[in-house]
Amino acid sequence: MTHDVTSWFIEQSESYASEPVRKFTLGSSDYSDYVIQWPTFRQTWNSIRPSTLSVKLANEEQAFNFMIDDLTVMSNEATLEMGYTHPTSGDELITLYSGKIERLKYHNNVASIAFVDKFKQLTERVIGTRSDPVTYQSSDYLPADIAWYVITSYGGYDTTASSANTDIDYESWLDWSNVFSADAVLVKSHFKGIKVAEALKKIADYTDSAIYVHDNKIRFKRFSLSDSNQTTFDNDSIMGLSLSVDNRDVVNKMYVSGLYDVDSRYWSMTVNDENSSSVNSFGLKEDTIRDNSIWYVNSGSAINMAQRKTGALGVPFGKVSVDATLKGLVRVIGETISVTDMSIGISEGYRIMGQKINMDSGKIEFEADRSYFSEGFILDTSTLDSVSVLT
Amino acid sequence: MAQFRLFVDSSNGVDVDPTWEYLEAGSKIEDRHRVRSGRSYVYKWGDFKRFEVPVSFVNSNFKSIVNSYWDSNADLLFMEVDNPSSVTSVRIVNEDLPIGQFIAPYTNQFIGVIELESY
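Order-wise, the sequence lines are chains A and B. Using this note's numbering, the letters of the first sequence map in sequence onto residues 1 to 391. Using this note's numbering, the letters of the second sequence map in sequence onto residues 1001 to 1119.
Rather than coming from a laboratory, the hints here were simulated on the basis of the structure. Note that the structure is a prediction, hence the values are computed from the model and not measured. Incorrect hints may appear among the rest.
As the list claims (entries may be wrong) - Straight-line Cα separation of at most 27 Å, DSSO-like style, residue types lysine-lysine; simulated pairs:
id, chain 1, residue 1, chain 2, residue 2
1, A, K201, A, K100
2, A, K356, B, K1044
3, B, K1049, A, K285
4, A, K56, B, K1049
5, A, K23, B, K1028
6, B, K1049, A, K195
7, A, K285, A, K253
8, A, K356, B, K1028
So here's chain A without its partners, still in its complex pose (with noise of 0.2 Å):
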């Protein structure tokens, strides 16, 4: 789920002195000799919004002036990466982000381009109607079987059942599905008229699931409790670090509805799971889940997504804000990361809900929390490479 890099370019990111690398190609061909600013990519777990960057290119040669003469060039394929050049092997590059032009802005010699990545286009096309709705109510499907028919049958993505698949990362969807599976987590919906990122995002809020763009492929990751922390921040890779727990996140008692009945608008089903322990410290804390176009079909579903709520959300849980070097390039959403600051005083996991990567300047953010973390051993690969030992 990470990305795929050598011990070498880890060690390059985790250098006090290195070289990074910067490629930003359009179509085939490389300008990255052209980039003035280089742009900051921000992404979030599950917010399923299309994320757009510019970057902003010398044109004194006029070598972007093409787009203004053929148009068509702005479906073309844009990428950023950053990586190092190996003394042999040449570079190693990490994709942080790819898109379509959006926008093309010249003023004087500079050309801004506006790129926008996957999601997009799940925004400009909707799914069913109110007069002839989208429904999967035939038989009990998995939350992930819907979201595949979603981004495929109306997203216009592609159906490809396989790693080859060009639109999804279909290993983390499978995954994905398997978590459902197991579990046997069904459920049924109808959709009249919605946008088809809003459809996605409603299965994401309903399963608490994370969907986001990875390597310009719709990846699927549904957080378990226990993990391993990845990688190691401390005093010396962090920058800068705030701390902020808030009581309001707290659910102790989880509503979640189901059986939703599309012609009376009623859910016919409601269970709930209380977290009595947390209940006795925090007083109770409430919450529902319900929802009119995917709906759960039976106790056990409808149980295991309260039991998942009450369970990570019972108790108060740290939200950190990292700033942090380039040590953290390789490290993606949902990965888990050791963070230890003796300014404020944590030595802790954490999960990486977001990360905002200044390619500009090398800096790194994370939003990373532990509401869905349990206290892993420490898998860090520099100590994994020096020694070959797990500390």
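Given the coordinates of chain A, work out where chain B should sit on it, guided by the hints.
Same frame as chain A, but now just chain B:
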């Protein structure tokens, strides 16, 4: 004193004999980050070279060629004649005409400074 050559190709260029004020410099494009422990990280994204090449007693032919390079922002090559393996791609980056001043009492000899930067 070392002799240099500023040229477009093997048949178009000028030999340059700079004065003692010749200067070769460079700049790095990099970002430095200071982490909590006090350690400094430096990310070097690139670099470029600068040359300040003062010339004097050059004739009008030399002046015309160099000034035309400046005028057209020509892509040039710059090297030390005795060290032809080290060639730098440069452009003349003077804000004003590089060469244009007489050397008294001559009216056919000129003085100026050619500012070069790699690209």
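Okay, the hints, checked on the actual structure:
1. For the hint linking K201/A to K100/A, the alpha-carbon distance of about 22 Å falls within 27 Å, and the restraint holds.
2. With a C-alpha separation of about 20 Å, the suggested pair K356/A and K1044/B falls inside the 27 Å cut-off, and the hint holds.
3. Between K1049/B and K285/A the alpha-carbon distance is near 64 Å, which puts this suggested pair outside the 27 Å criterion.
4. Distance hint between K56/A and K1049/B is fulfilled; the C-alpha atoms sit about 24 Å from each other, no more than 27 Å.
5. Distance check on the hinted pair: K23/A and K1028/B sit about 19 Å apart at the alpha-carbon level, within 27 Å; holds.
6. For a cut-off of 27 Å, the pair hint linking K1049/B to K195/A is broken: about 53 Å separates their Cα positions.
7. For the hint linking K285/A to K253/A, the alpha-carbon distance of about 6 Å falls within 27 Å, and the restraint holds.
8. About 25 Å separates the Cα atoms of K356/A and K1028/B, which keeps this hinted pair within 27 Å; it holds.
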